[in-house]
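Trainee: Sequence:
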Amino acid sequence: MRTKPELTAAIREGRRAVLLVNAHSRRGRRLYPEVLRRIEAAGFDLLGRFPVEDPRELRGSLESATELGPDVLIVGGGDGTIGAAARHLAHRDVALGLLPLGTTNNFARTLGIPLDLDASVAILTGGKVIDVDLGLAGEMPFANHVGVGMSAEIFATAPPRLKKVVGRFAYPATALALLTRHRPMRVTVRADGRSHEYVTHQLYVANGGFHAGRPITADSDADDRLLVAYPVGDANRVRLLRETARNAATGHLRSHGEEPFLATDEIWLETDRPVPVEVDGEPRGYTPLRIGLAPNALRVMAALDAIDR
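To convert, note that position 268 of the sequence shown is 268 in full-length UniProt numbering; the numbers rise steadily by one, no gaps.
No incorrect hints appear here.
Across the chosen pairs, the derived CB separations fall in these ranges:
#1 R30 to D265: 37 to 43 Å
#2 S64 to D118: 25 to 31 Å
#3 H91 to A235: 37 to 43 Å
#4 H252 to G69: 39 to 45 Å
#5 T180 to L115: 34 to 40 Å
#6 D234 to E57: 39 to 45 Å
#7 H91 to A249: 36 to 42 Å
#8 D219 to P33: 37 to 43 Å
#9 R29 to A248: 25 to 31 Å
#10 A41 to E259: 48 to 54 Å
#11 H91 to W268: 20 to 26 Å
Simulated from the structure, these hints should not be mistaken for lab results.
No residue lacks a Cβ here, since even glycine has one placed at the ideal position from N, Cα and C.
Let the hints inform the model, and build the full structure from the sequences given.
Mentor: And the structure:
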């Protein structure tokens, strides 16, 4: 495996890249020709192009892309697409180049990648390779978060036709319908030799610094060797909604050392019944679950002033 400066030099000098864009989304499909034009104008030698129009083909496209031997895999899409690419590139001698084309772009925000297309392309040409942590849900790497409870049920039950018609607004609509009948869970979080118990409708474990496009806390990031676990409200449905709004509004003012956050590097989750789990927005089984860290598991292109621990 090359050093990070060696890989940075290879990307700047050779510009050997593969482009993969989620063309299934409306924005990705619309922007793909422009993304391709700007990547080529930036001087990249594209070994392959993968406009992925069927989500079922994403894994195979990622495998085909890395088999071409690029120094950087440039991925355009939202958190789902970029999270899948992060899992695929874990511990490989290939850097992930991010073009944030999604709605919330949590991983890109965590890494300080600009949401403007020209600015994000400039990171690919003039930035540097850093390495960041990935979380581990069981054995599955993840970039952003694990959700236990309501969020997993929302992602599993949001009607595909509704998502196609109203896009991201299908999720809050599904959440409001589900909330009226959702049963709270008792969660036991074991970490650092201690047990913490919560009764809540929702618990998150975050690796990065953003959720739903907003900061989780002012001091969370993807390169600090920490996971941040936190319940959202308690058994009361009204407080769940209130805490969701509070988290969105005040995350940038809070620290992961405050209540109700628990910052650690390994967590065991148990619940009073098997509860569904989602990993970066994808349904991934049920509790109980071990959540750990893979330190510096992923190489990414970031700004020259990006912190690299």
